[in-house]
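Visitor: Residue-level listing of the chains:
There are 2 protein chains.
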Amino acid sequence: MSHARSTSIQLASRPQGWPTPDNFTVASVDLPDLEAGQVRVRNEFVSVDPYMRGRMNDTRSYVAPYAIGAQITGGAVGRVIESRSGQLPVGTAVLHQHGWSDLAQGPADSFRAVPDVPGLSLSLRLHILGMTGMTAYAGLTAVAGMKPGETVFISGAAGAVGTAAGQIAKLLGAKRVIGSAGSAQKVALLTEKYGYDRAFNYKDGDVRGQLAKAAPEGIDVFFDNVGGDHLEAALDAFNDKGRAALCGAISSYNTTERAVGPDNMSNIITRGLTLKGFTLAAYLGLAPEFQEKMTAWFSAGKISFDETIVDGIDNTVDAFVTMMRGANTGKMLVRVGDAEK
Amino acid sequence: MSHARSTSIQLASRPQGWPTPDNFTVASVDLPDLEAGQVRVRNEFVSVDPYMRGRMNDTRSYVAPYAIGAQITGGAVGRVIESRSGQLPVGTAVLHQHGWSDLAQGPADSFRAVPDVPGLSLSLRLHILGMTGMTAYAGLTAVAGMKPGETVFISGAAGAVGTAAGQIAKLLGAKRVIGSAGSAQKVALLTEKYGYDRAFNYKDGDVRGQLAKAAPEGIDVFFDNVGGDHLEAALDAFNDKGRAALCGAISSYNTTERAVGPDNMSNIITRGLTLKGFTLAAYLGLAPEFQEKMTAWFSAGKISFDETIVDGIDNTVDAFVTMMRGANTGKMLVRVGDAEK
Numbered sequence: 001m002s003h004a005r006s007t008s009i010q011l012a013s014r015p016q017g018w019p020t021p022d023n024f025t026v027a028s029v030d031l032p033d034l035e036a037g038q039v040r041v042r043n044e045f046v047s048v049d050p051y052m053r054g055r056m057n058d059t060r061s062y063v064a065p066y067a068i069g070a071q072i073t074g075g076a077v078g079r080v081i082e083s084r085s086g087q088l089p090v091g092t093a094v095l096h097q098h099g100w101s102d103l104a105q106g107p108a109d110s111f112r113a114v115p116d117v118p119g120l121s122l123s124l125r126l127h128i129l130g131m132t133g134m135t136a137y138a139g140l141t142a143v144a145g146m147k148p149g150e151t152v153f154i155s156g157a158a159g160a161v162g163t164a165a166g167q168i169a170k171l172l173g174a175k176r177v178i179g180s181a182g183s184a185q186k187v188a189l190l191t192e193k194y195g196y197d198r199a200f201n202y203k204d205g206d207v208r209g210q211l212a213k214a215a216p217e218g219i220d221v222f223f224d225n226v227g228g229d230h231l232e233a234a235l236d237a238f239n240d241k242g243r244a245a246l247c248g249a250i251s252s253y254n255t256t257e258r259a260v261g262p263d264n265m266s267n268i269i270t271r272g273l274t275l276k277g278f279t280l281a282a283y284l285g286l287a288p289e290f291q292e293k294m295t296a297w298f299s300a301g302k303i304s305f306d307e308t309i310v311d312g313i314d315n316t317v318d319a320f321v322t323m324m325r326g327a328n329t330g331k332m333l334v335r336v337g338d339a340e341k
Numbered sequence: 001m002s003h004a005r006s007t008s009i010q011l012a013s014r015p016q017g018w019p020t021p022d023n024f025t026v027a028s029v030d031l032p033d034l035e036a037g038q039v040r041v042r043n044e045f046v047s048v049d050p051y052m053r054g055r056m057n058d059t060r061s062y063v064a065p066y067a068i069g070a071q072i073t074g075g076a077v078g079r080v081i082e083s084r085s086g087q088l089p090v091g092t093a094v095l096h097q098h099g100w101s102d103l104a105q106g107p108a109d110s111f112r113a114v115p116d117v118p119g120l121s122l123s124l125r126l127h128i129l130g131m132t133g134m135t136a137y138a139g140l141t142a143v144a145g146m147k148p149g150e151t152v153f154i155s156g157a158a159g160a161v162g163t164a165a166g167q168i169a170k171l172l173g174a175k176r177v178i179g180s181a182g183s184a185q186k187v188a189l190l191t192e193k194y195g196y197d198r199a200f201n202y203k204d205g206d207v208r209g210q211l212a213k214a215a216p217e218g219i220d221v222f223f224d225n226v227g228g229d230h231l232e233a234a235l236d237a238f239n240d241k242g243r244a245a246l247c248g249a250i251s252s253y254n255t256t257e258r259a260v261g262p263d264n265m266s267n268i269i270t271r272g273l274t275l276k277g278f279t280l281a282a283y284l285g286l287a288p289e290f291q292e293k294m295t296a297w298f299s300a301g302k303i304s305f306d307e308t309i310v311d312g313i314d315n316t317v318d319a320f321v322t323m324m325r326g327a328n329t330g331k332m333l334v335r336v337g338d339a340e341k
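The listed protein sequences derive, respectively, from chains P and U.
Note that UniProt numbering numbers the first sequence so that position 212 is 212, with each residue one more than the last.
Note that UniProt numbering numbers the second sequence so that position 322 is 322, with each residue one more than the last.
Bound-form chain P, shown alone (with noise of 0.2 Å):
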């Protein structure tokens, strides 16, 4: 049993428009001994979440805002270093939701055995294979109910559940797959390496335009994580019955204006569309069938990914809010390294 000290990034006030280092706070945390029952973990890597945002302001939603002087939850993985749970041995590689820091601990309850497998990284554990991939999953059937030979519009495309949700949607069966992001090398990936049929620039010019030069016959089925214009260009395009599953609308996350609504909302009525939001958290139920499939999937080589690793547990603010910027595609994570303390 031994005392240590935690780097643990807290919330010092909630963030107006972009998130800056003042709005946080890096603390060293003097970690009491183990109680009965009790794991410490020291963390490998820890998520950063575009959701995160969210969380930082006080409005009601699904999920409580986090608390001020706080400590910033959310995703991470690592390896217990120190048990007096039987549960938990040390060594044992472990998914939990602690949170930003380096060091975790709690009751072994709180914290969930991942398969170790030799030459596969714990992150995957936090995108593709976690909660990450699962929403990708959920969105598309849960929510969406899309069917085989439908298209598929995703926005945000490049990002860690984009680029997931296009795999999936060909795996289930999707004619069509197409992707927004914001930049032409990310435009290439989505179509060389993640099966997008189709792919566009957002930042090239107007959505609207875009998406229907991309989807000539229309869309059945949105996965939005950009909200805003995204969202009205999808609007403009869906055949009747379309089905939007609304994850995420970054483009509103930093803003400090007042949104503006699509100007085609009476595009739901005349063509009979569903638009339905969601938060995993509904959808937990999925994860016997998401595993199963996506293991089978990853396993025979159909699933790519993308990392964009930042290193240090002092830098995951910054992490955060260049994710936010779009600096990333695929997963954005921040690796802890070894500790010297």
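Don't read these hints as lab results, they were simulated from the structure.
Some hints could be false.
[As the list claims (entries may be wrong)] In silico BS3-like cross-links for lysine-lysine, where the CA-CA straight-line distance does not exceed 30 Å:
hint, chain 1, residue 1, chain 2, residue 2
1, P, Lys241, U, Lys147
2, U, Lys241, U, Lys213
3, U, Lys241, P, Lys241
4, P, Lys302, P, Lys175
5, P, Lys241, U, Lys293
6, P, Lys293, U, Lys241
7, P, Lys147, P, Lys170
8, U, Lys147, P, Lys147
9, P, Lys241, P, Lys170
10, P, Lys147, P, Lys241
11, P, Lys175, P, Lys147
12, P, Lys213, P, Lys170
13, U, Lys213, U, Lys193
14, U, Lys302, U, Lys170
15, P, Lys147, P, Lys193
16, U, Lys147, U, Lys193
17, P, Lys147, U, Lys241
18, U, Lys170, U, Lys193
[Stated by the list, open to error] To give an idea of the interface, some chain U residues facing chain P are shown, with a C-beta separation under 8 Å as derived from the structure:
hint, residue
19, Tyr62
20, Ala64
21, Leu231
22, Leu246
23, Cys247
24, Gly261
25, Asp263
26, Met265
27, Thr270
28, Gly277
C-beta: ideal position from N, C-alpha, C; glycine also.
With chain P held as given, fit chain U onto it using these hints.
Guide: Quick look at chain U alone, frame taken from chain P:
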């Protein structure tokens, strides 16, 4: 067998903004002799409905736009005055979709016989006992999935669909039904005659603020006939997992400027909301279920209704436009009257 002339209201040009008399032709049409299997009907009532405005535009929709030079089609009721069909003898009361004319003729299977109950105006088949009532029923049940104990907000509540929807919601076990309308008189009628628990006049100011005050515990279901600021207000008032049945958007039907979409679309994600647009065409399978329930409620005296009647087929366009301006309470109808021709 006799010749006859029909007064037929035809679309002359597509309205830009509010329709004007110039957009229509009141034509006197010579009807040919009946062919075998056909019937001729003298209409008693012709329906004017908000959805017709959409069909006057040349935009893609579930239903094809009205053709220039052709009669405006839509609901009407009347009696067979000449018949070459054994199915529909002279005198039979019928409902049909031939639309804006005093006489209608065609194959017997384009007319549907309706019960002819002494003391019950045939006009009811055009609203509370017909498509309008069924639209309200379908929107609440199949589209929005309303459950007993929920709070329901209905916009345009004093119109034909709204007066039906409020009563049906209560009969299906809604805990609280809230309505908006455009005059103090209508608002009073909602709570005094139509069973609404609370109502407000949207012309008194800020819909968002008035709805928040009327629904301090939030809303679970929104039945929208208006769109615009009403939809925006509902998105703010929704409880988690709330559902909207988008039936109409009369606030935007006659505007020529770019519609302003809701500024709070992101609530759809964070609260896990569902917005579903519909037209009755997709829900006709509910007819037996609706007929059974509505007949029972109506016979038990549990259903109130209002009609706003304009006399004379020549005044149909006026009736249509003043209905869209909100002049009606309950169902707006044109009474055709006896022909002198």
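Visitor: Could you work out which of the previously given hints the structure breaks and list their numbers from low to high?
Guide: 20
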